[in-house]
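Undergrad: Protein chains in written order, with the numbering used here: chain X, 249 to 754; chain E, 14 to 458; chain F, 10 to 522.
By construction, these hints were calculated from the structure, which means they are not laboratory data.
Be aware that a few hints might be false.
[Stated by the list, open to error] Far from chain X by the CB rule (all over 12 Å, computed), these chain E residues: (1) T122; (2) S231; (3) P364; (4) P405; (5) A413.
[As the list claims (entries may be wrong)] Not the full set, but computed from the structure, chain X residues with beta-carbon under 10 Å of chain F: (6) A462; (7) N466; (8) S493; (9) E556; (10) D557; (11) V577; (12) V706; (13) P711; (14) S716.
Quick caveat: nothing in here was measured; it's all calculated off a predicted structure.
Using N, Cα and C, we set each Cβ at its ideal position, and we do this for glycine too.
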Amino acid sequence: MRISKIFTGRCIFFGAIAIIFGWFLPSRVQAQNAGNNAVYSGPTCCTPSAAFIDASVFSSSGDLCAQINTALTKLPPSGGVVDARGISTPQACAASPWNGISNPPPADVLLPAGTIYIETTWVLPNATRIFGERQNTFVTACSTSPPANCAKDFVPSDSNDALIEMGSSSFCPAGCHGVAVQDVFFVVPDAYTALRLNGIVNQYSRELSYVDHAGFANLNAAGLLVGGVTGSDGSDLAANSGPYSNLNYNPCPHSGDSCAAGTTKCVVLNAQTRGLHGITCIGDATLSCQTCAGNAAIYVNASNNSIEDVHIEGYWDGIEIGDVAAPAVVGGVLISNVTGGFNGGGAGPVTNVAHICGPNSPNLGFGACAITTGTVSDVSIFQVNDVNNGKETTSIQDDVTGTSIASPLNNDPSIVGMYALGEAVAGTTGYSRFSTFPNNAITGTAQFDSTIVPTWGVGNSAPPTACSNPGAGPNLTGSIFSNTTGTPSGSKTIWVCVAGTWQPVI
Amino acid sequence: MKIPTFGMGWVVVGMLMLLPFAVSPTQVSAQCTGSKGNNAVYAGCGLQGSTAFIDAGAFSSSGDICARIHAVLTSGYPASGAVIDARGIRPPGGGSTQLCSTNPWAGITTPSTVLLPSGTIQISVQWALPSGTRIVGEGSGAPGAGVTTVQAASGFANAAAMIKMGTATGATGVSVEDLALDGNGTAVSGISNSLARDLSYVRRLSLSNIAGTGLLISSGAQNSGPYSDINFSSTAASAVCASIQGASTSTRGIHGLTCTGNVSGTALPVAVLLDAPNNTIEDVRVSGFTDGIKLGQNLPTQGDVLSNISGGPNVTSIIHIANAHLVSDLSVVGVAKNGATNAINDQESLPSSSHLIADSSVAIYVLGEQVTAQTTVIGFSRFTTSKSANAPTWATGNAAIASGTACSQPGSLYSNRNGSINGGLGHGNTWYVCQGSPSTWNDVF
Amino acid sequence: MSRAKTVAFGWIFAGTLAGLGGWLVVSPMPARAQTPGNNAVYNTSGIVTSSAAFIDASAVTQGSDICATLFSIISSTNYPGHAAVIDARGISNTTGSPNMLTCNSGSPWTQGNGQRTNSNTTTNPATILLPAGTIYISTSWILPNFAQVAGEGKAATVIKACSTGTAGCSANFAPPAWDNSWPGGPANGVNAMVELGSPFGTTGSCGQTCFCPGGLGSTDCNSVGVRDFTLDGAGQNINGIVNQVSQELTFVDDVALNNIEGIGLWIGNDANPDAVTSVGAIEAGNSGPYSNLVFNAGTGALSTTECVNLQAGTRGVHGMSCTANGTPAAAIYLDGSNNSIEDVQITGFQDGVLIGSQALSTLATNFRNNLLLNIGAISGVTNVVHICGPNPPNGSAACAETNNPAADLTIVGASNLGVISASITTIRDDETETALADASVAMYVLGEQTPNGSTTQYTRFTTSPRLPSWATGNVAITANSACTGNGSLYSRDVASTGTVLWACVNSVWTPIR
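All chains, full assembly: derive it from the sequences and hints.
TA: Rendered as structure tokens:
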């Protein structure tokens with residue numbers, strides 16, 4: 249009995265050792281697969297797959313960003329996919345997901361639906377793309393004011409004061425590639441008043457870097473800011489980035505902000521890009537975005553940009569081209585399909601739908617750009633629609649040539665099919681220019697009247713005597729008219745408008 | 014008694030040994046099934062296989078990545094197609110490069126979406142993608158630094174394209190995205206498309222070290238595209254960034270393209286060859302090529318639109334309209350030199366002594382069609398805002414021009430919007446034409 | 010039993026248990042069942058655990074069909090509050106019943122065809138990944154706010170309308186009756202296979218479950234999108250995709266529309282835009298882009314079959330092929346302002362792009378500010394671009410509606426790539442009595458009526474020599490040379506003392522200066 253007791257005790261002891269050993273052995277074997285997907289390699293499950301790393305398994309790392317951070321460290325140097333969609337929200341992030349990673353691998357990061365509160369800027373490294381779940385993923389700046397959503401107020405990581413930065417001087421001093429933000433909405437809470445925050449700032453990311461299907465609400469600086477840092481080769485480090493497409497912005501300052509305090513904008517392009525394609529910018533008619541002359545929704549401050557499919561409400565200027573100081577030159581800009589203003593509902597009018605900056609602002613009623621000393625030329629504008637419901641506004645304000653294409657006060661929109669501004673022509677005071685707009689709006693207030701752009705009319709009969717709108721005011725002097733049925737002895741063929749009447753040439 | 018002692022002791026041991034499993038998260042499941050490659054998801058019975066996608070790494074463990082993808086496509090693969098996730102296939106033994114000695118789609122006609130892993134996949138033979146095939150990498154990165162890079166192995170067939178879109182006439186739904194192609198200095202082309210049409214596209218692609226054509230679109234690829242967000246870099250003397258060829262090769266355009274050749278030294282000849290009608294090419298930057306976009310070198314072409322085209326260093330002409338074949342109805346909107354020598358070289362409609370438009374930027378240069386007098390071609394319809402001496406334009410201003418004022422663009426018009434009736438035809442101050450030698454502004458009316 | 014035997018048996022027993030225990034722990038055995046549909050991933054302990062990254066629809070209790078299964082997930086009380094990705098790519102006809110991919114039950118957001126209630130309708134947002142294969146639908150899929158549906162590509166995923174005789178389909182496709190009679194809605198109902206948003210929700214005045222926030226006529230949907238599949242109408246006179254109320258960030262991308270005898274893609278509704286309470290007041294403004302699309306009408310195309318009907322201001326239609334048998338009147342009906350239509354190829358429609366042809370309400374009478382860029386007709390097209398108006402050229406029949414004068418229309422790059430003949434026009438402009446049979450036209454910019462001018466007098470720039478245009482060249486014109494395009498100008502761009510400016514007057518080049 250004594251020997252059996254001893255033996256029994258030993259068996260129990262060794263059995264326990266076996267148990268403990270068996271318990272921990274698989275952890276040592278499979279810990280490196282943490283986050284791997286589980287897949288079937290045969291009839292029974294499972295084997296790990298490195299197709300992506302699921303960040304939700306790293307809950308012990310801390311908040312959502314810490315979990316993503318851990319997952320990023322599990323990626324091979326060549327990169328991979330981090331799936332954070334399984335992490336519950338709302339959550340606050342104390343640091344950026346790339347915090348502390350000195351050589352971050354390329355990564356596609358899938359964010360969960362819900363709200364992610366961030367305490368500091370997310371600076372995206374080279375070849376990093378973040379994807380949300382469209383209008384279901386919100387990245388929001390932390391605020392401690394009620395309703396408090398974080399322990400600390402948002403503090404940007406640098407003077408760009410941005411929620412997101414695409415690249416940085418430390419990640420890619422010569423320029424990043426392939427940095428993207430897609431399907432995410434960014435919000436600044438009303439209660440956050442510490443700083444004026446930008447949404448996305450891209451000063452370091454070039455080709456194949458883009459923003460797509462993104463939205464911004466309540467920012468009080470710029471929604472998207474591109475360019476402004478020059479590389480060693482003399483080009484902007486954000487050149488050739490884009491397109492920036494399918495965007496929805498509602499940035500506007502808070503009530504009480506004065507014009508001097510600085511104004512908000514949707515997009516500022518300080519570099520040549522692959523374009524801004526598809527955007528809605530909504531300001532507010534009662535706040536400084538609309539009440540401060542020269543404040544624009546979109547600034548095009550660099551050559552070679554195409555801006556298309558745009559809708560703007562509640563800003564003084566819709567698109568400003570060339571708000572730059574000498575000796576800067578802005579040229580080769582294409583604007584197409586832009587609608588400014590509202591039609592009885594919405595956020596308010598736009599004073600100038602497209603505003604070309606320059607020294608010759610003819611009508612003080614429409615305001616001037618803040619900076620007018622730069623050189624702007626070769627701007628092609630197609631399809632600009634001023635739908636301002638009878639306000640004193642323009643579809644195009646051209647301060648290079650001193651031209652205002654104004655909206656009449658009878659609620660008719662002012663639309664310009666084509667307005668191509670070329671360059672100064674030697675020996676004249678003029679500029680090469682083609683415009684299809686033949687009308688002049690007489691508002692009764694001189695400072696809101698149109699100026700005329702000579703155009704070319706075509707018809708199958710002789711023109712009427714007057715080449716002006718009924719009533720007094722500017723006429724189409726300098727315009728030409730072609731009568732396709734004209735004859736040398738009958739109704740003439742080529743006419744020119746001179747001092748308000750059509751005169752036959754030949 | 015010994016037996017009870019033994020029994021009790023060992024029972025205790027057994028209980029102790031089995032105790033962890035009572036609390037361990039691992040339990041044996043019952044009645045859940047799965048097949049190799051299935052994703053594992055939780056179901057009422059425990060873990061169950063899901064065919065939402067097929068994990069290629071788990072499906073097959075033999076051969077290189079291409080052989081494993083092919084194994085998925087040829088073993089019980091659903092006829093309607095599936096998503097094949099190969100992102101988990103890593104190079105054996107670590108590292109970032111793995112080999113691919115076969116075409117994964119050889120003999121395949123079923124649709125598939127294949128997700129490729131990060132790193133470099135070195136291919137020995139062309140990937141020919143059948144109808145309904147989509148390949149998606151993990152990012153194109155930059156030329157020479159892609160996230161997912163498909164690289165031509167040494168010995169890859171010369172002059173072949175690394176990826177061919179379509180394997181039969183009229184293929185549709187073939188796409189390539191988020192990928193880098195590295196020609197590895199061999200005389201290969203990047204992507205060729207002469208078969209795939211509607212809903213076939215390329216998106217977010219980097220091309221480097223390619224001595225052939227980066228993107229070659231030719232007859233049979235009508236209605237394909239768009240080809241968007243492409244970044245090409247090569248210093249090979251014969252390299253061409255993109256080419257669209259064929260009398261009927263109208264596509265959905267190239268949207269967003271950077272072509273970088275030799276930015277110093279001898280520029281490469283041509284970045285983009287456009288010899289096909291009805292194509293839109295927009296948002297382009299070219300540097301290191303003598304010609305940015307050249308039209309009409311190989312075939313007549315008409316109805317093309319070029320917008321927002323930017324030059325850069327070591328570029329002679331951003332747009333070159335050749336006179337080898339007729340080019341007509343070309344709309345150029347928004348060109349800026351940014352260091353190039355000429356914005357436009359129009360050999361089609363401008364005389365040989367003055368066919369260069371050297372403005373720093375041009376808003377509009379629309380070249381229409383030939384205009385005749387009797388049956389003699391006298392010129393082209395054209396609208397341009399260029400102030401170049403070689404192309405008449407129409408200027409408008411607000412002041413009269415003094416008699417004898419010099420002008421530089423014979424044939425140009427000037428309209429003074431403050432003009433008045435002042436003697437009528439030939440004596441007015443409203444409408445002028447630039448004429449004479451030397452040229453001065455002369456009033457018409 | 011001897012002590013040695015006791016020891017031996019004991020060790021054997023202990024070793025067996027140790028081995029069994031070790032194997033059970035080390036082997037990748039399935040974990041305890043957790044939330045059905047959750048993905049399985051390895052945690053830091055090397056143990057398989059669940060992840061809510063997406064919900065695999067094939068792993069939940071299957072409904073009668075894929076739509077019922079999806080509905081059960083989306084409407085579940087356990088559904089995440091914000092949204093979820095639902096991966097249905099693992100559902101096939103072998104998953105459950107033999108006709109799992111035939112939706113007789115309804116749609117992923119509605120079940121049954123009766124009145125909407127909170128029990129048969131859900132408007133929770135979801136991103137649904139559809140499987141490869143053909144999914145037969147018996148009624149409209151109406152997507153709520155923030156919802157998206159993605160297939161595996163047009164070749165792999167087909168959503169097809171049920172028709173009598175199709176195995177598994179209980180009846181022909183029929184839209185829900187409650188969705189077909191909006192105050193101010195389209196006269197003949199929406200009749201769509203897929204709707205991007207709806208002004209309706211549960212019974213009556215919308216109530217708790219509104220497809221778009223605020224409900225009827227109050228506000229719009231946003232960010233509703235579909236992509237990467239084929240929509241097959243099975244030759245029925247129904248509409249493909251309809252967007253009447255979804256605005257910003259709403260899109261259609263990489264979709265093929267086949268065998269649809271109604272309208273392939275219908276955007277906006279101007280039937281009654283002035284009424285505050287009508288859905289027409291919302292429209293689909295700023296939606297889009299609608300990109301990378303293919304429309305094949307099939308052999309049964311009707312004269313009323315349409316590729317695209319555009320009645321709102323959008324972010325454009327970019328990249329489209331429209332193909333029919335020559336019977337339909339027009340491919341793209343453009344009756345809205347502020348649109349860009351680019352990169353379009355048309356085959357087998359009488360008119361390619363028809364502007365201003367529809368009789369609409371008082372508000373939208375002028376269709377302005379539209380840009381057409383790179384429009385090509387392959388074959389079987391009479392007019393590549395046709396602008397309706399009161400002055401049809403050459404005695405042609407006018408459009409049914411001529412009171413919607415288009416203005417500020419820019420056409421850059423329009424081509425007839427087929428047979429060139431006088432009876433085929435690249436641009437037909439019934440405002441200015443113009444018919445251009447040029448093979449292609451680089452630019453045709455129709456501005457506005459000149460002040461005090463007749464209805465045919467417009468500002469206009471075109472490069473077509475058949476119209477007043479401006480030509481330049483370096484040769485002087487011989488006296489009395491014939492010309493086309495009366496009213497054209499010719500400038501000689503050579504510095505010389507001779508004539509530099511001619512005009513085409515009565516078909517003869519006449520020197521001016």
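Undergrad: If a hint holds in the structure, say so; if it does not, say that too.
TA: How the hints compare with the structure:
Every CB of chain X is more than 12 Å from the CB of T122(E) (nearest about 26 Å), matching its label as outside the interface. With 12 Å as the threshold on Cβ separation, the claim that S231(E) sits away from chain X holds: the shortest Cβ distance comes to roughly 25 Å. At roughly 20 Å from the closest C-beta of chain X, the C-beta of P364(E) stays outside 12 Å, upholding its exclusion from the interface. The Cβ of P405(E) sits about 10 Å from the closest Cβ of chain X, inside the 12 Å cut-off, so the non-interface label is violated.
Consistency note on A413(E): stated as away from chain X, yet its beta-carbon is not over 12 Å from all of that chain's, at 9 Å minimum. With a cut of 10 Å, the hint placing A462(X) at the interface with chain F holds, because the nearest CB-to-CB distance is about 9 Å. With a least beta-carbon distance of about 16 Å to chain F, the hint placing N466(X) at the interface is violated under the 10 Å criterion. Taking 10 Å as the C-beta contact cut-off toward chain F, the hint placing S493(X) at the interface holds, the least distance being around 8 Å.
Restraint check, E556(X) versus chain F: the minimum CB separation of about 6 Å is within 10 Å; hint holds. Because the closest C-beta pair between D557(X) and chain F is about 4 Å apart, less than 10 Å, the hint holds. Evaluation of the V577(X) hint against chain F yields a violated restraint, the C-beta minimum of about 26 Å exceeding 10 Å. Among the interface hints, the one on V706(X) holds; its C-beta lies about 5 Å from the nearest C-beta in chain F, closer than the 10 Å criterion.
Annotation: P711(X) was flagged as interfacial toward chain F, and the flag holds, the nearest CB pair being 6 Å apart, inside 10 Å. At about 6 Å, the closest approach between the beta carbon of S716(X) and any beta carbon in chain F falls short of 10 Å, and the interface hint on this residue holds.
Hint check: violations occur at hints 4, 5, 7 and 11; the rest are consistent with the structure.
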